[in-house]
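A.B. asks: Spelled out from the first residue to the last, the chains are:
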Amino acid sequence: MEYLQLFFFYLVALVAIVAGFCVISCKNPINSAISLVMTFFCLAIFYVMLHAPFMAAIQIMVYAGAIMVLIIFVMMLLNQGAEVIARYRHAVIGAFVAAALMMVQIIVLIKQGAVSATVGPISSDVIETVGHTELIGQALFTDFLLPFEIASILLLVAIVGAVVLAKREV
Amino acid sequence: MLESYLPILVLITIAVLFAVGSVTFSFIFGPKKPSAVKLAPYECGMPLIGTARERFSVKFYIVAMLFILFDIEAVFLYPWAVVFKRLGMFGFIEMGVFIIILLVGYVYVWKKGALEWE
Chain A
62 MEYLQLFFFY LVALVAIVAG FCVISCKNPI NSAISLVMTF FCLAIFYVML
112 HAPFMAAIQI MVYAGAIMVL IIFVMMLLNQ GAEVIARYRH AVIGAFVAAA
162 LMMVQIIVLI KQGAVSATVG PISSDVIETV GHTELIGQAL FTDFLLPFEI
212 ASILLLVAIV GAVVLAKREV
Chain B
4 MLESYLPILV LITIAVLFAV GSVTFSFIFG PKKPSAVKLA PYECGMPLIG
54 TARERFSVKF YIVAMLFILF DIEAVFLYPW AVVFKRLGMF GFIEMGVFII
104 ILLVGYVYVW KKGALEWE
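Respectively, the protein sequence lines represent chains A and B.
Numbering of the first sequence is given in my numbering, commencing with residue 62 and proceeding in unit increments.
Numbering of the second sequence is given in my numbering, commencing with residue 4 and proceeding in unit increments.
Don't read these hints as lab results, they were simulated from the structure.
Model, not experiment: these values are computed from the prediction.
You may find that some hints are simply not true.
Stated by the list, open to error - As a list, the in silico DSS-like pairs of lysine-lysine whose alpha-carbon atoms are at most 25 Å apart:
1) K228/A with K115/B
2) K228/A with K62/B
3) K62/B with K115/B
4) K36/B with K228/A
5) K114/B with K62/B
Use the sequences and the hints to build the structure in full.
C.D. replies: See below:
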């Protein structure tokens with residue numbers, strides 16, 4: 062069973078990486094968007110494997126559903142067809158610099174970091190007996206009450222902002 | 004734990020196989036006699052006027068944006084519904100405040116006419 066799970070993990074990881082590569086290499090932006098949905102689904106499977114089914118459901122509902130709709134609408138607004146603009150040299154250089162920095166960071170983190178087991182009272186067994194959504198709900202509506210209510214203010218500000226920006230009289 | 008997700012995996016596999024299978028087999032066995040009318044995006048209906056790659060109105064964008072925001076609001080309701088009985092009246096008031104604040108936003112959107120399609 063262990064090996065089967067490991068095999069499944071590598072399979073999903075492979076699909077995620079290939080889909081992620083398609084996101085940046087596809088000529089047509091819509092194909093990139095579809096590949097991005099594929100990566101979102103792979104991430105959702107990872108959340109399930111990490112005993113976080115609520116996160117998996119949110120990943121699919123919010124990211125693969127809502128955020129993707131927004132990205133596609135932005136593509137429709139920008140009207141960038143299949144003919145993509147020529148490659149910019151400074152963008153390539155910038156990407157190389159960013160990738161090199163990221164690699165240095167990863168190497169430092171792997172060299173200096175230590176692998177530890179789960180810390181704190183919430184272990185995989187607790188999650189399995191109590192339930193992931195229950196734990197999140199319990200924490201969100203008791204300990205993190207203020208951030209939760211502030212989130213509603215944030216959403217309100219976003220609603221007003223969207224209307225003010227997009228509904229301008231011309 | 005993971006075994007309980009096996010039915011979902013089976014369902015996804017069957018769905019993918021069905022989709023790929025129908026497309027592949029119709030590609031292999033289907034007769035292909037293309038004509039200009041058949042290759043048009045809409046075989047029935049009005050003839051094409053220009054390309055589909057036009058700039059879309061910003062009205063679509065605002066609908067998508069509002070959809071996301073109220074979608075995220077709905078996401079908060081799921082963990083709340085799961086622990087609702089344990090939280091009791093306290094949880095009810097909490098969520099009431101949350102919903103009322105967003106209701107203000109909804110009323111604003113409605114009064115501003117952002118849901119109208121003029």
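A.B. asks: Against the earlier hints, flag every one the structure doesn't satisfy and list their numbers going up.
C.D. replies: The structure conflicts with hint 4 only, although it agrees with all the remaining ones.
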